[in-house]
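There are 2 protein chains.
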Amino acid sequence: MRVPPAPELLALDTATVRDRWTLREIIDGCVRHRFGAISPSRERLAQTGVKEAARATRGSGLTVAALHGGGRFPAPERKERHAAIDDTRRAIDEAAALEARCLVLVEGSLPGGSKDLAGTREMVRDGIGKVLDHARAAGVPLAIEPRNPMYCADQGCVNTLAQALDLCDELDWGGTALGVAVDVYHVWWDPQLKAQIERAADRRLLVFQISDWLRSSKDILADRGMMGDGVIDLPLVRSWMEAAGYRGFHEVEILSAGNWWRRDPDEVLATCRIRHQTAC
Amino acid sequence: MRVPPAPELLALDTATVRDRWTLREIIDGCVRHRFGAISPSRERLAQTGVKEAARATRGSGLTVAALHGGGRFPAPERKERHAAIDDTRRAIDEAAALEARCLVLVEGSLPGGSKDLAGTREMVRDGIGKVLDHARAAGVPLAIEPRNPMYCADQGCVNTLAQALDLCDELDWGGTALGVAVDVYHVWWDPQLKAQIERAADRRLLVFQISDWLRSSKDILADRGMMGDGVIDLPLVRSWMEAAGYRGFHEVEILSAGNWWRRDPDEVLATCRIRHQTAC
Chain V
1 MRVPPAPELL ALDTATVRDR WTLREIIDGC VRHRFGAISP SRERLAQTGV KEAARATRGS
61 GLTVAALHGG GRFPAPERKE RHAAIDDTRR AIDEAAALEA RCLVLVEGSL PGGSKDLAGT
121 REMVRDGIGK VLDHARAAGV PLAIEPRNPM YCADQGCVNT LAQALDLCDE LDWGGTALGV
181 AVDVYHVWWD PQLKAQIERA ADRRLLVFQI SDWLRSSKDI LADRGMMGDG VIDLPLVRSW
241 MEAAGYRGFH EVEILSAGNW WRRDPDEVLA TCRIRHQTAC
Chain Y
1 MRVPPAPELL ALDTATVRDR WTLREIIDGC VRHRFGAISP SRERLAQTGV KEAARATRGS
61 GLTVAALHGG GRFPAPERKE RHAAIDDTRR AIDEAAALEA RCLVLVEGSL PGGSKDLAGT
121 REMVRDGIGK VLDHARAAGV PLAIEPRNPM YCADQGCVNT LAQALDLCDE LDWGGTALGV
181 AVDVYHVWWD PQLKAQIERA ADRRLLVFQI SDWLRSSKDI LADRGMMGDG VIDLPLVRSW
241 MEAAGYRGFH EVEILSAGNW WRRDPDEVLA TCRIRHQTAC
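Those sequence lines, one after another, are chains V and Y. Be aware that the first sequence starts at 1, since it is given in this note's numbering, and climbs by one per residue. Be aware that the second sequence starts at 1, since it is given in this note's numbering, and climbs by one per residue.
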């Protein structure tokens, strides 16, 4: 028997409303629809500045579940790789200023022209390794987000939970500075999903993102579904997360050019609230 | 140093020219462009009938590297599952009539409305198990094709080489009736790819399909690239296949609604021939 999740665990990744609302409007909307937390991207913060964003979220009573950004470590030139590391240190500082529970990295992938996937993955490992002390000092855990393999060429070359957890073990053995973001859209297909969530355990499970995979999906970039509209058994995955000890937020991230991005964000948030109770 | 592959190993999956040519024209085209083999789908055979197709390929001197089809095992009703098993036995007979080196299964995935991925995967396992004796008797090995996870909802729920090889071990331990089709488009991203090709070894490596992943790809269904136009290190993957003992064909399968399907098939085949030598 599915027990509906605690309503206050609902959180919003701000990409779900794209640019229809400002950060201020998103915060008000989340309060109005009784979300427990928000997770902005750094691009979103740039619109208001970090201080103003921190002030607004603090005043709203919302938790900042995660800041998304930083990373993009792979680059052909050493200078560019250093710049990405510096930029990720700034992202860590921004997450600290926001009192975000973690920073979810955008790992990055093959630099233009490169076909060296193994070498690119080493650059990601080395990049994370180089910002980890800064993250520890700031008290901001870093989350590696395994991305659907269809994003391997450009967005992220960490593509399974096993691969992400291998990185955690290699760089942060026994520690709590590094963990993973489990986004059902990216990992739902993985035959190892249950086993790897168990392996991760509460210590490594930093973020849980929800949406759905639409059976008829043709678009790689922005055709994610509302919870309940697709094929993912969300209650099952949630039960695995909870069995592993995860007690954090359920963060909605729906990139949907053809549907949800076109709708009034108030309708989108109201639908998220209902589906969180009925389909997760 | 990359050594170009033996030219006679080039093979054509007939889907690459879609419906611009009949099977007869494809056979003539493959002979003209000195391909060593073709691999038709069952749908393609249906156009001429199996006997006529067998006569035409035999007369051409081309090898039939594989027949593609059969499978689609998951279904809600027992009756439908039995029908899929019967149909796959017919596909095995057709492969035998064609003297195809193997039958590449289309595993199938979640029946309409289902979110039970584990149960669906069990239906695939059971379905393969039930046709295996027929395949042994016919002398037609079956190839499981792990498909890119973005096809997990509809086309195939076997999504990694490890998962496919686990099925081979479970159903055909120590045997040669079951193997895998390694299509770079489906598996190029897999951090376990090299290790699993080694594990498969010559005995399980039945098919090697080539194309490329376009960096800017937005379309899930039909936006595959010509070898050399994307990010896959094809010579590297070929070297792993060869190190594992694979000596079979290199079968081009390019589904490309926006580009290659629009071109004169003679141009497509000529380009395949050149790229096989320069980019694989």
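Calculated directly from the structure, the hints in this document are not laboratory data. Among the clues, some could well be false.
Which copy is meant is left open, because identical chains are indistinguishable; a pair holds if it fits in one copy or across any two.
Taking lysine-lysine pairs in the DSBU-like style, the calculated list, with each CA pair at most 35 Å apart, reads [unchecked claim]:
#1 Lys194 / Lys218
#2 Lys79 / Lys194
#3 Lys115 / Lys51
#4 Lys115 / Lys130
#5 Lys218 / Lys130
#6 Lys79 / Lys51
#7 Lys115 / Lys79
#8 Lys51 / Lys194
Hints and how they fare:
For the identical chains of this complex, Lys194 and Lys218 are neighbours both inside a copy (27 Å) and across copies (29 Å), given an alpha-carbon limit of 35 Å. Only between protomers do Lys79 and Lys194 lie at most 35 Å apart by alpha-carbon distance; the minimum there is 31 Å, versus 40 Å within a single protomer. With identical chains, the CA atoms of Lys115 and Lys51 are never at most 35 Å apart, being 40 Å at best within one copy and 44 Å at best between copies. In this homomeric assembly, Lys115 and Lys130 come within 35 Å of each other (Cα to Cα) only inside a single copy, at 24 Å, whereas the closest approach across copies is 41 Å.
Taking the shortest alpha-carbon separations for Lys218 and Lys130, only the inter-copy value of 33 Å comes in at or below 35 Å, while the best intra-copy value is 38 Å. Proximity of Lys79 and Lys51 under a CA criterion of 35 Å is satisfied intra-copy only: 29 Å inside one chain copy versus 64 Å between copies. Taking CA atoms no more than 35 Å apart as the test, Lys115 paired with Lys79 passes inside one copy only; the shortest distance there is 20 Å, against 47 Å between copies. For the homomeric pair Lys51 and Lys194, neither the shortest alpha-carbon distance inside one copy (39 Å) nor that between copies (47 Å) is at most 35 Å.
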